[in-house]
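Chemist: Sequence:
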Amino acid sequence: MIQSTVLSAVSALAGGLEKEHARIVKGVARAGFHLIDESPIRVMNLQGYGWACTGRDYVQLAVAPTRSSIILDAYFPYCDKVIVCDRHVGYCGFDKKQRCWAHIMREAENLSKNGPEEKMLYEKIMLLHDAKLAPPDQKIHDMLVIRAKSIAELYLKL
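Heads up, the sequence shown is in numbering that gives the first Met the number 0, so the first residue is 0 and it goes up one at a time.
A hint or two may mislead.
[As the list claims (entries may be wrong)] Derived SDA-like pairs: lysine to any residue, alpha-carbon spacing no greater than 25 Å straight-line:
| no. | residue 1 | residue 2 |
| --- | --- | --- |
| 1 | K95 | Y77 |
| 2 | K96 | P115 |
| 3 | K112 | K123 |
| 4 | K25 | G14 |
| 5 | K96 | A130 |
| 6 | K25 | Y74 |
| 7 | K95 | P115 |
[To be verified] Here are the simulated distance ranges between beta carbons:
| no. | residue 1 | residue 2 | range |
| --- | --- | --- | --- |
| 8 | L12 | P39 | 21 to 31 Å |
| 9 | L6 | R55 | 31 to 41 Å |
| 10 | S10 | E108 | 43 to 53 Å |
| 11 | N113 | A13 | 51 to 61 Å |
| 12 | A130 | L6 | 52 to 62 Å |
| 13 | F32 | A130 | 20 to 30 Å |
| 14 | S10 | K80 | 11 to 21 Å |
| 15 | D56 | E17 | 15 to 25 Å |
| 16 | N109 | V62 | 21 to 31 Å |
Since the hints were derived computationally from the structure, they do not count as laboratory data. Virtual Cβ for every residue (Gly too), placed ideally from N, Cα, C.
Whenever a hint applies, use it, and build me the whole structure from the sequences.
Modeler: Right, here's the structure in full:
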């Protein structure tokens with residue numbers, strides 16, 4: 000009797016999770032764009048990758064043994080819209096890509112160490128980034144002036 004009760008509970012839980020998973024996948028698929036990223040993970044001494052695909056209101060997660068674009072087709076087949084991603088080769092097959100700000104900023108910061116022109120370019124990108132992300136009611140004038148001054152100082156050093 001106890002074993003059948005446990006099996007019934009597990010079965011009911013599995014059914015509920017399947018319905019919830021289908022609802023999440025549908026919600027992500029409806030989004031106008033998708034943020035996709037993958038990160039290496041280790042589970043029980045096995046190396047793999049955790050994948051996340053974010054729509055407007057939902058996040059779909061997947062764990063896979065590889066970073067191959069095959070994973071995108073298998074787990075996120077609805078990604079025919081704009082995807083926001085890094086420069087990983089697995090995303091090359093997508094026509095509508097936007098580079099992720101976090102990855103752009105990280106690359107620009109690394110390049111800024113190569114010289115004054117690269118540093119000035121990084122400051123300009125930061126200026127654009129900060130202006131874009133500021134809430135409309137926030138006064139960003141002082142911050143923009145500081146960034147512009149930093150860019151001017153770098154320019155004068157060239």
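Chemist: Hint by hint, say whether it matches the structure.
Modeler: Going through the hints against the structure:
{"no.": "1", "hint": "K95 - Y77", "in the structure": "holds, 13 Å"}
{"no.": "2", "hint": "K96 - P115", "in the structure": "violated, 30 Å"}
{"no.": "3", "hint": "K112 - K123", "in the structure": "holds, 15 Å"}
{"no.": "4", "hint": "K25 - G14", "in the structure": "holds, 17 Å"}
{"no.": "5", "hint": "K96 - A130", "in the structure": "holds, 22 Å"}
{"no.": "6", "hint": "K25 - Y74", "in the structure": "holds, 12 Å"}
{"no.": "7", "hint": "K95 - P115", "in the structure": "violated, 33 Å"}
{"no.": "8", "hint": "L12 - P39: 21 to 31 Å", "in the structure": "holds, 30 Å"}
{"no.": "9", "hint": "L6 - R55: 31 to 41 Å", "in the structure": "holds, 38 Å"}
{"no.": "10", "hint": "S10 - E108: 43 to 53 Å", "in the structure": "holds, 51 Å"}
{"no.": "11", "hint": "N113 - A13: 51 to 61 Å", "in the structure": "holds, 54 Å"}
{"no.": "12", "hint": "A130 - L6: 52 to 62 Å", "in the structure": "holds, 58 Å"}
{"no.": "13", "hint": "F32 - A130: 20 to 30 Å", "in the structure": "holds, 21 Å"}
{"no.": "14", "hint": "S10 - K80: 11 to 21 Å", "in the structure": "violated, 36 Å"}
{"no.": "15", "hint": "D56 - E17: 15 to 25 Å", "in the structure": "holds, 20 Å"}
{"no.": "16", "hint": "N109 - V62: 21 to 31 Å", "in the structure": "holds, 29 Å"}
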